[in-house]
Amino acid sequence: MTTNDPCQRYLEDPEANADHLQSCAKCRAEAAALAAKSEVEAPSIDLDALPLAPWEGSSHRPWPLVLGGTAMVVIVALVLLDAAGMSPMHVAEGSLASMDAIRGLLNRAALSLRGASIGMQLAFGAAFLIVNALLVVLLRRAPRGSDA
Amino acid sequence: MRRALRLFLPLTVVAASLVTAIMAAPPSLGIRGPLSFGDATEMMQKTAVIAALLAVWMLAAVSLTLLSGREIRYSSVEMRASALHCFALGLVAVTSFALTAIVFSYLIPYHIGVPLLFALGVFAILTKIYGTVAVFHAVGTLAAGSRTREQLARRHWLRGDLAMVVVGVVILGAIRLIPIVGPIIWALASVFGIGTALATKFGRREPWFLAYRLNLS
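Chains as they are written, first to last, in our numbering: chain A, 1 to 148; chain B, 1 to 217.
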């Protein structure tokens, strides 16, 4: 529906009838009042007052500290290994031996389970299901920490 | 610096008390320090092995932080935001790994057990490595992290993910060298780490399971 009243036409479509403001003092005054009301100043934010976000400064790479710290730990390890009459290979072999020990422990546990009574096997199966169900329940919770 | 001193001083007191208690303990308890040359050699070798493993941890931590610093930081933030959940999840996950490994070992005669056990082992090791590096970051941030922007702007070295990880490795490594208490704290840190790694899906902010919703429209 259209109207012949220029004021009404201006109110319906201010951009298309912008010329009307020059001929109508009433509409000009209303437009000025609306413009004055809409000039809302953004509140000033003191960025320094906000808490430090975890990501701030996180990409900084202090190479002297990193290389110095790493070199210090490696040198201390090599000196101690030398003093103890060992080589890094000994440490690697020891780690592999501990893996073998874990594998032996698992094999013994599996053998015990195979030789156990039906009741014990069922109890173990129930414990397995309960623990994994609890794990799934805990994994469904959304993380809380934010690093926006 | 004052914060670091506040942390190191009690730790030094605890370490000194422990060493004194171990040296003064009756021999029947079996926790005394080295009594013979053989004992001293064994203790030296243990310390050397721990230091060598710490060096490996340092290299792994720096490499992993360089590769995915943002994920490590997110996991570290999560650990500090909900520590109890991460610890509970870690305990349940370790128990689940152990029970699942026994079940897979049970299945070895049926051939399917070997690949399953291998996959579980790889997953568990990756989880532990990632989680422990996240713990290093969290410990480093708690001990030496900046609290204000002025503090951050003044610092040249002690800022950034890499620095926090290095500080965390040094602190936890020093604690690891304390007899009796060190391995316990290290094990607790591993539990925290595994829980954090799983809680944040290795810092990727994705859900582990898709939500199933009925389409009612």
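Check before you lean on any hint, since a few could be wrong.
Mimicking EDC-like on lysine to aspartate or glutamate, the simulated pairs with C-alpha atoms at most 20 Å apart in a straight line are [what the hints assert, rightly or not]:
id, chain 1, residue 1, chain 2, residue 2
1, B, Lys128, A, Asp100
2, A, Lys26, A, Glu56
3, B, Lys46, A, Asp82
4, B, Lys46, A, Asp5
5, B, Lys46, A, Glu93
In short, the hints are calculated from the structure, not lab data.
Going through the hints against the structure:
1. For a cut-off of 20 Å, the pair hint linking Lys128 of chain B to Asp100 of chain A stands: about 18 Å separates their Cα positions.
2. Distance restraint check for Lys26 of chain A and Glu56 of chain A: the Cα-Cα separation of roughly 54 Å exceeds the 20 Å cut-off, and the hinted pair is therefore not satisfied.
3. For the suggested pair Lys46 of chain B and Asp82 of chain A, the alpha carbons sit about 13 Å apart, so the restraint of at most 20 Å is met.
4. Simply put, Lys46 of chain B and Asp5 of chain A have alpha-carbon atoms about 97 Å apart, too far for the 20 Å limit, and the pair is violated.
5. For the hint pairing Lys46 of chain B with Glu93 of chain A, the CA-to-CA distance comes to about 14 Å; that is within 20 Å, so the pair holds.
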